[in-house]
Amino acid sequence: MADKNEILEEHISSEYKYGFVTDIDTEFAPKGLNEDIVRFISKKKNEPEWMLEYRLKAFRHWLTMEEPKHWAHLDYPAVNFQDISYYAAPKKKPTVNSMDEVDPELVKTFEKLGISLEEQKRLVGMESKIAVDAVIDSVSVKTTFKEVLAEKGIIFCSFSEAVHEHPELIRQYMGSVVPYTDNYYAALNSAVFSDGSFCYIPKGVRCPMELSTYFRINSSGTGQFERTLIVADEGAYVSYLEGCTAPQRDENQLHAAVVEIVAQKDGEVKYSTVQNWYPGDKNGKGGIYNFVTKRGICAGSNSKISWTQVETGSAITWKYPSVILKGDNSIGEFYSVAVTNNMQQADTGTKMLHIGRNTKSTIISKGISAGKSNNSYRGLVRISKGAKNARNFSQCDSLLMGDKCGAHTFPYIEIHDKSGVVEHEATTSKIGEDQIFYCNQRGIDTEKAIGLIVNGYCKEVLNQLPMEFAVEAQKLLAVSLEGSVG
Amino acid sequence: MISIKNLHASVEGKEILKGLNLEVKPGEVHAIMGPNGSGKSTLASVLAGREDYEVTEGEVTFNGKNLIELSAEDRAREGLFLAFQYPIEIPGVSNINFLKTAINEIREYKGLDPIDPKQFLALVKEKQKLVELDGKLANRSVNEGFSGGEKKRNEIFQMAMLEPTLGILDETDSGLDIDALRIVANGVNKLRSPERSFIVVTHYQRLLDYIVPDYVHVLYNGRIVKTGPKELALELEEKGYDWIKSDAQNAAV
Numbered sequence: 000m001a002d003k004n005e006i007l008e009e010h011i012s013s014e015y016k017y018g019f020v021t022d023i024d025t026e027f028a029p030k031g032l033n034e035d036i037v038r039f040i041s042k043k044k045n046e047p048e049w050m051l052e053y054r055l056k057a058f059r060h061w062l063t064m065e066e067p068k069h070w071a072h073l074d075y076p077a078v079n080f081q082d083i084s085y086y087a088a089p090k091k092k093p094t095v096n097s098m099d100e101v102d103p104e105l106v107k108t109f110e111k112l113g114i115s116l117e118e119q120k121r122l123v124g125m126e127s128k129i130a131v132d133a134v135i136d137s138v139s140v141k142t143t144f145k146e147v148l149a150e151k152g153i154i155f156c157s158f159s160e161a162v163h164e165h166p167e168l169i170r171q172y173m174g175s176v177v178p179y180t181d182n183y184y185a186a187l188n189s190a191v192f193s194d195g196s197f198c199y200i201p202k203g204v205r206c207p208m209e210l211s212t213y214f215r216i217n218s219s220g221t222g223q224f225e226r227t228l229i230v231a232d233e234g235a236y237v238s239y240l241e242g243c244t245a246p247q248r249d250e251n252q253l254h255a256a257v258v259e260i261v262a263q264k265d266g267e268v269k270y271s272t273v274q275n276w277y278p279g280d281k282n283g284k285g286g287i288y289n290f291v292t293k294r295g296i297c298a299g300s301n302s303k304i305s306w307t308q309v310e311t312g313s314a315i316t317w318k319y320p321s322v323i324l325k326g327d328n329s330i331g332e333f334y335s336v337a338v339t340n341n342m343q344q345a346d347t348g349t350k351m352l353h354i355g356r357n358t359k360s361t362i363i364s365k366g367i368s369a370g371k372s373n374n375s376y377r378g379l380v381r382i383s384k385g386a387k388n389a390r391n392f393s394q395c396d397s398l399l400m401g402d403k404c405g406a407h408t409f410p411y412i413e414i415h416d417k418s419g420v421v422e423h424e425a426t427t428s429k430i431g432e433d434q435i436f437y438c439n440q441r442g443i444d445t446e447k448a449i450g451l452i453v454n455g456y457c458k459e460v461l462n463q464l465p466m467e468f469a470v471e472a473q474k475l476l477a478v479s480l481e482g483s484v485g
Numbered sequence: 000m001i002s003i004k005n006l007h008a009s010v011e012g013k014e015i016l017k018g019l020n021l022e023v024k025p026g027e028v029h030a031i032m033g034p035n036g037s038g039k040s041t042l043a044s045v046l047a048g049r050e051d052y053e054v055t056e057g058e059v060t061f062n063g064k065n066l067i068e069l070s071a072e073d074r075a076r077e078g079l080f081l082a083f084q085y086p087i088e089i090p091g092v093s094n095i096n097f098l099k100t101a102i103n104e105i106r107e108y109k110g111l112d113p114i115d116p117k118q119f120l121a122l123v124k125e126k127q128k129l130v131e132l133d134g135k136l137a138n139r140s141v142n143e144g145f146s147g148g149e150k151k152r153n154e155i156f157q158m159a160m161l162e163p164t165l166g167i168l169d170e171t172d173s174g175l176d177i178d179a180l181r182i183v184a185n186g187v188n189k190l191r192s193p194e195r196s197f198i199v200v201t202h203y204q205r206l207l208d209y210i211v212p213d214y215v216h217v218l219y220n221g222r223i224v225k226t227g228p229k230e231l232a233l234e235l236e237e238k239g240y241d242w243i244k245s246d247a248q249n250a251a252v
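Just so you know, the sequences run in chain order P and R. Residues in the first sequence are numbered consecutively from 0, following numbering that gives the first Met the number 0. Residues in the second sequence are numbered consecutively from 0, following numbering that gives the first Met the number 0.
It should be emphasised that the hints constitute simulated quantities derived from the structure, not laboratory data. Heads up, a few of these hints could be off.
Over 10 Å on every C-beta distance to chain P, these chain R residues come out as not near it, computed from the model [as the list claims (entries may be wrong)]:
(1) His7
(2) Thr55
(3) Glu149
(4) Asn185
Calculated cross-link-like contacts (lysine-lysine; reagent style DSS-like; alpha-carbon spacing at most 27 Å) [as the list claims (entries may be wrong)]:
(5) Lys135/R x Lys447/P
(6) Lys135/R x Lys458/P
(7) Lys458/P x Lys99/R
(8) Lys124/R x Lys458/P
Every value quoted in this text rests on a predicted model; they were computed, and no experiment measured them. From the three backbone atoms N, C-alpha and C, an ideal C-beta is built for every residue, glycine too.
Could you put the whole structure together from the sequences, leaning on the hints where they help?
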């Protein structure tokens, strides 16, 4: 037993790698939330009148809503929305045209996170070309490869820039999948969102590289409210990746994002997330509250949206990437690995809403709980009346490490059309001491053994990630779970 | 190679090994036989370092080192290999990936660089033949969905890949049909060398027709009560264990 405790100790003291703070000259909005703050943000961003109107409508609606606290399997104190600063931005030019204009501290920050803002460096290794939009606190600092993409008519820029440069597209699509009335955090985000990424792939274009946004919370006492909008027009394809980290702090920081995806006829969007927000310490102090609304609509026939997420961070995760399967023959997929350790809590899953005919959805969810954490899968499969021959396959597996953690599965299935076929499989297992001893006996130490076993368990999901990120995710999983077998 | 002196070991407070002595020299094959519950598998587990087994007395020297002080993984890295009676399944982890990880861990322990991928694949190809293992099995998840025979063959394949100095076979013959038994035994025989020793734990003489031991030991009530040449196995097959039991009891009186 002594051995196990030592290992557990080791893990608990294993540090969050991205907990550093960068000293950047930052401009804040005063703490608190009211109409003036909404106007302040809008003015800072020099937004057109219609954008401000949208924010104000959302804000007024938010005031009428209540913080949702009852249905999720989560336990945390009420958030004090007046104690948050809703805007923080590096003082140097928020948008830059060349690398020389980026604050060198910022460049260093992103390099430390393994993200290069230098396009030349990325061009050397041809296979791993990835265009990056780097967002720090409330603003996007740099988007790479914009010109290369523009040649194909692809728009990839910060949300703020899109509001100015492509107002017609923003007005057409913003809020079309997640209206500001959708839920409490979506309303809040719609009122105060600061930045994020916008991506538009025109008709018939296959995006030649992975697009990626990297979100970083740096400042203390702030929230991050970003918005991402991805549109694949008819026959277009894009693979998009989102990554995120935050410094290690004792306070809880709020992250309430909205992601909207639209796939038109024959369009396809593959969205991958590696979420590694600071999870708090072993006693549950600090960490990010991750309250996120992600939804896509397969608007046209034969369209496809695929969500892949690897969730290892955040004190609390509340997140259900969903697909509205409106177009006939459209396909929705959700592949998820959610890891909780120490005092982390996650309530995550998906919604697959079948509306069109012959629509198909697949849900593969792998939950891993360790320490004293709680990990819940919550998912809805709804087959609407008229959604002829809809099919769903769901598989929800839970892996427990130790005997102080919890794993829960809350599947909701609503079938309003008799031709629908829904399959649901669920398993719960423990990492066996036998498995670990077997690895030990082959010369593999316990830490590595856990990494190996967990990665094997998550393989179906990790296989969905773009190559470079799959490798990162594997490492991240091993680090998140170091020594957590008890 | 390995020297076991007055070894006492218990599981959950119950003493199973009660003063066991055994000396294995390089290149030798020792068979351990004995009735059910005599402590045969316990011996294998204790030597491999399974956590629930507590050594209460005695000493074990392996290649000049105090084995008992080493962690299970370090014992493996020092060249001790246990072929499991019930090989464990690890879903989603390919045999190849598993072995590569193991080999590189062992190499790192010895201060060597990770194995060259080409060299590794060549090694896999070569060693698969030893136990007539299908190439596809090497790419499948560790032991997942393997038949009983495939699992045992996979153990010997792993042993061939890791090239230990001491191989402990824990009832490797159990659950094998005669063809599989021959394949497994042939695999082991090909691995025999002047530098490599084996401890073969078995219930039945049958396996020893194929893997011919230098010595046969009878384990009874936590001690080795009789040692003889390979013919002893035949005698046991014929007469059973009762005469050994009464001899042992008489000796104790």
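task: Grab the minimum beta-carbon distance between histidine 7/R and chain P and tell me whether it stays above 10 Å.
output: holds, 21 Å
task: Examine each Cβ of chain P, and state whether all of them lie more than 10 Å from the Cβ of threonine 55/R.
output: Holds, because the least Cβ-Cβ distance between threonine 55/R and chain P comes to about 16 Å, which exceeds 10 Å.
field: Agreement of lysine 124/R and lysine 458/P with the hint, judged by alpha carbon distance not exceeding 27 Å
entry: Holds. Lysine 124/R to lysine 458/P sits at ~25 Å (cutoff 27 Å).
query: Does asparagine 185/R really sit off the interface, with its C-beta more than 10 Å from all C-beta atoms of chain P?
result: holds, 22 Å
- request: Take a quick look at whether lysine 135/R and lysine 447/P sit within 27 Å of each other, Cα to Cα.
  value: holds, 25 Å
field: Straight-line alpha-carbon gap lysine 135/R to lysine 458/P, limit 27 Å
entry: Between lysine 135/R and lysine 458/P the Cα gap is close to 18 Å, so the pair holds against 27 Å.
message: For a C-alpha distance cap of 27 Å, please report whether lysine 458/P and lysine 99/R respect it.
response: This hinted pair holds, its Cα atoms lying about 18 Å apart.
- prompt: Is it correct that the beta-carbon of glutamate 149/R has no partner in chain P closer than or equal to 10 Å?
  reply: holds, 16 Å
Comparing the model with each numbered hint stated earlier shows that all of them hold.
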